[in-house]
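Colleague: Protein chains in written order, with our numbering: chain G, 1 to 286; chain V, 1 to 311; chain X, 1 to 256.
Calculated directly from the structure, the hints in this document are not laboratory data. Computed from a prediction, not measured in an experiment: that's the story for all the values here. Positions of the beta carbon are idealized from the N, C-alpha and C atoms, including for glycine. Possibly wrong hints are sitting among the right ones.
Unchecked claim - Distance windows between CB atoms, simulated:
1) ALA130(X) <-> LEU10(V): 37 to 45 Å
2) PHE71(V) <-> ALA130(X): 51 to 59 Å
3) LEU10(V) <-> GLU151(X): 33 to 41 Å
4) GLY191(X) <-> LEU294(V): 43 to 51 Å
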Amino acid sequence: MTQVILGQVLNGIIVGTLYGIIALGVTLTFGITGIVNFALGQFMMIGAYAAWHLTDVAHLPYPLSVALAVLIAGLAGFLSDRALFQFTRNNLVNGLLVSIGLISVIESAALLLYTATPKNMDFVLSGSWTLGAITISRMKVVTFAVLLAVIALTWLALANTWLGRATRAYAQNPEAAMLMGVKTEMLQVGVSVYSCALAGIGGALYAGIYSLEPSMGALFILKGVEAAILAGVGNLAGALVGGIILGITESIGALFLPTAFRDAYGLVFLVAILLFRPSGLFGGQK
Amino acid sequence: MSAAWLLLPLYLLPLVSHSEVLLTILIFTYILGILAIGFNIVFGYAGQLTMFHGAAFGIGGYATFLMLSKFGISFWLAMLPMFAVILLLSMMVGWVCFKFRLREFYFAVVTLAFAELIRLVVLNWNDVTNGTLGLLVLDKPTIWWPGRGVVKIDGTVPWYLLTLTALCAVTIVSQLIVRSWIGRNFAAIRLNEELAQTLGINTFRYKMLAFTLSNLFAALAGALFGFYSNYIEPAQLSITQSLDAIAMVLLGGMGSILGPVVGAFLLTGLPHVIEFSAELRAATYGAILILVILLMPRGVVGLFLRWRHVS
Amino acid sequence: MFLKVDALSKRFGGLVAVSAVSLHIEEGEIVGILGPNGSGKTTLLNLLAGLLAPSSGAILWQGRDISGTKPDLIAALGIVKTFQNPQLFAELSVLEHVMIAGHLALKRLLGFARSKTIFAPKPARQELEARASRVLRLCRLSQEAHRPAAELSYGEEKMLGVAMAMMCEPKLLLLDEPASGLGQAEIGNLGAVLRDLREHGTTLCIIDHKVAFLAEFAHRLIALQNGSKIADGTAQEVLGNPSVITAYLGRQHAGA
């Protein structure tokens, strides 16, 4: 029994890392541009489909596809920022509604291009590792490692580079940052694009493990937002942890309670957090 | 009220036009207009962005039909317990949200979470709701008509008249509220909640009122929708339903009586004017939403009013 | 005792904004509060009005403990506050502002019947409108009644804040720097309004930097510095107090 639980926990951690990278994008976007970009799930989907297409249709090596997919997602992010989100800075309601409109547009495009039939990537990295009685696929471990590395690098960059410090300064006090010479508009565009790129890499790696459908975006953004709120919106380090907690809660929950309500656990947890600890488990900016 | 002039021609329309398509579009316009008016009250006037009205819409259909079939009562009687359910839910969800002083975004997220939970329950409670398959509704509302006794509302023209009347009633009620001191307090809360509080306005109570009203209207619309389209399904409870209503209100314009209804008309009529595949339709909705937010914040009616120099 | 404040403190994380302040205000008094920027004056008023909850200490109003009560309840109990930076309802006209502010008055006029009516009955409505006219006239805003409040000048916005507060029929009116940013004529007008309020028995508590203005009106002055009370007495006593002079070095004769 413990092995089953442990197996589920591990799965939850992997899925949670995916939630976490979206949550990181959500938190970054909120902190710097003042909106929640609900379309981040769609950029994840763009990354996923791009990776699938480049690997299975264009027959490029998988790592290259991933890299290109990230670029594509980032580019898409840049375009939507220039066309749409630059007009909704710090306007939460408008940004929310525009991003929701964007969701429909992108998802429809995916449906037209790829149809709703789930796509599966031919095995990228086959085989699994065994630890005791627990087996876990290699691809999942690699995904976890890569995402963890990306998040860690982001965090390090924010802490140690000039750009990172400027970003944090801006998040705390936009006017002061501006007065100190931080090019705020460029910063906002940069963060906006970076969040989409993060979602893109999440999607590209997701494509190596699970099957793809155009509707995946909606699911992940909801989980990403939940994870971000759970940790405390604005808390960058917490985003990953929040995602993992959410992932584990869902996996364990699915063991003991009806699977149909899998998504419900996150929601209930979320509502509870918002009511009793609105600044999140680890506290974030308000 | 210039809107009143439209009433007579609208009521007489079935005599003049025999176009099934036009009348059907208008029926859906009136039904969804009720939903949109409700959302306009809680968001356009009181400034609270909620995602719960989609759930209320769906519950309106499910609860009314279930009451009717389990207890053998008429459509109208079945609506009473349905309204009671909506009242209870609104008070519970509203209490949770407003007591904990959830602001804007978190309020939207929590109402969304509750709405999704309700949808999951309905989706999985197969014994009662038949899950994804939905419920077939063959019953019809009945009214008493002088000279003919009890008449079933069946067929395009009777439904047209019924839904138009329902819309009028809802419009009148909403206007009465919005133009009274209650409406003034809603506006105060939307524009500067802290100032409203220091002037003695119990913002919690008024936010609850606005939220509950929007859900009651949504439920009425849902009941009419389910019985007219003869089908009730979980999709009617979804976030998409909520978003449709939001798009209608934004497109039509939040600051006017007719705005939400105009928005409902445009979004309902659009698929008939341009033949769309389902995917393109969703994309168009999305594009319209984006365009409205960025370019037409006051909606179609707002543009029109400004053009005529009416403030 | 009308208003009694007992060792009231407010901490924001590590910052102590108000530190164990005790004071009392008698009915009918006009009390002025002065102190340099950052001395905790506005925080104190926000605590009294219920916009902030105290970290420790108590606020007693007519014998009743109101510490931590919500602002709308405090307003209903008779304490109303104006804002240092005028707070408005963007889009709405001056008259609409004042009518919204008439909410409490309307409640009192209608009593329990209020919950049954959507439209207030005619006599109540007319009474409310009469009061609104009177208040606007006093604040010299009658001409602007139908203008959007966003178009008002700074001084007019401040007077609108006072007008809205007056509509609430406060027993204790807390004014946060009502005279700052006003020109001479406007200050004279403000003085007339304050005199009218005093005649109607409203107790006033005014924060301001214009010491001369305060000294002219107030029965009593309270001086704050760094969140603590450093003096409490008549204008003469307080302004002659050495620690007050030190806190205000160079501003003993602060004018306009």
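Colleague: Against each hint, give a clear statement of whether it holds in the structure.
Modeller: Structure-based check of all given hints:
no. : hint                                : in the structure
1   : ALA130(X) <-> LEU10(V): 37 to 45 Å  : holds (41 Å)
2   : PHE71(V) <-> ALA130(X): 51 to 59 Å  : holds (54 Å)
3   : LEU10(V) <-> GLU151(X): 33 to 41 Å  : holds (39 Å)
4   : GLY191(X) <-> LEU294(V): 43 to 51 Å : holds (49 Å)
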